[in-house]
Amino acid sequence: DTEVTQTPKHLVMGMTNKKSLKCEQHMGHRAMYWYKQKAKKPPELMFVYSYEKLSINESVPSRFSPECPNSSLLNLHLHALQPEDSALYLCASSQVWPFLRRGHYGYTFGSGTRLTVV
Amino acid sequence: EDQVTQSPEALRLQEGESSSLNCSYTVSGLRGLFWYRQDPGKGPEFLFTLYSAGEEKEKERLKATLTKKESFLHITAPKPEDSATYLCAVHSNNNAGNMLTFGGGTRLMVKP
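Residue numbers (this note's numbering), protein chains in the order written: chain A, 684 to 801; chain B, 4 to 115.
The following block holds chain B by itself, in its conformation from the complex (with noise of 0.2 Å):
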């Protein structure tokens, strides 16, 4: 069965302080790990996919990394509108169909 850890649960940064988002993940056979951006009472917002290790992917102040047991969501230079809820998903060969398995989400703030 997949398993999906997301740490920390929470995170405060100030404004402007980087810092890192983490993903463990087992699975056999991944097949993708997705990110995504959550607000209050919205569905997920897509930020990356990626699908194999050493990939990195980046928007704006956002790059995701993949390691065969992990991936990072590095935030730089964080502004007040990156606070949301951070959601972690694998899609690999365990799940019949299409599923995901998601992790428990980190929620962060960034305090002005």
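Pulled out of the complex, with its shape left as it was, chain A reads as follows (with noise of 0.2 Å):
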């Protein structure tokens, strides 16, 4: 199984709604991240988790709340969020380093959930 898996595909919600975002891969990968991508733009990291635990969260506003229940699980907990919140979120997966020359698809990435917040 060569794949990470994102649900739901879409997502429309208000702003005052909470709804999250699952991701999930079978791949043993240790590490987990959370991407956000605007259109024509290239993908921009929000959170990075590193054997379950949260390594690097590149500033991301609280209203954006990650979790990572296990090793095949990472999910992306939505609050209060804005318009401007509207993008393509990516969830991928790797092995971490030095593990990670061991591999054959480097960071293997979802197929994303495109969220608009009205």
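Nothing false has been slipped in among the hints.
Computed list of lysine-lysine pairs in DSBU-like fashion (alpha-carbon distance at most 30 Å, straight line):
{"hint": "1", "chain 1": "B", "residue 1": "LYS82", "chain 2": "A", "residue 2": "LYS721"}
{"hint": "2", "chain 1": "A", "residue 1": "LYS724", "chain 2": "A", "residue 2": "LYS692"}
{"hint": "3", "chain 1": "B", "residue 1": "LYS45", "chain 2": "A", "residue 2": "LYS723"}
{"hint": "4", "chain 1": "B", "residue 1": "LYS72", "chain 2": "A", "residue 2": "LYS723"}
{"hint": "5", "chain 1": "B", "residue 1": "LYS45", "chain 2": "A", "residue 2": "LYS721"}
{"hint": "6", "chain 1": "A", "residue 1": "LYS692", "chain 2": "A", "residue 2": "LYS723"}
Hint data in this document are derived by calculation from the structure and do not stem from the laboratory.
Reassemble the complex: the two chains are provided individually, in unrelated frames, and hints are given to aid placement.
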């Protein structure tokens, strides 16, 4: 299994809603990531989990709350978002350096969740 | 701080017209350079990883090469289905954890 599965594929939410994005991988990767991507821009790193612990938070607003319940799952909890948070949210996974060099797929990305905040 | 610059930003080719995409990087201790293909509204799809200068990898019409300062993605006789955004990213000693630094991407359009 060489896939990262993200659900839902599309999400429309109001500014007062609470929702969650989910990500799952079964490649034995011990690093998982959340990226945000705006149209015609490269992915922008939000969070990194390494061995199920949050290792990097790129100064993301607290209305985004990540969670890594186990080595296969990654969630992103959303609350009180703004319209400018509308974007494609990507999950990725990888081996942890130096084991990264033994893998064949580097960082594997999911298909993303298209989020629209109204 | 790592810097990755891709050029051109956009490239239009006729079907069968070979060309190259460039990824220039400035890092302290390259651990790996990654090429991805991304279709609109979808996640990046892994193409290649290059680890050392002089390394080359091929897949169908694509060939990636690496020097100490840049990487090229050569596209031979492209087809319309090769139209996509191609992203380059680096992992280096500068990056805490396993962070990737992405370039801005090259949008490739292949006309039949």
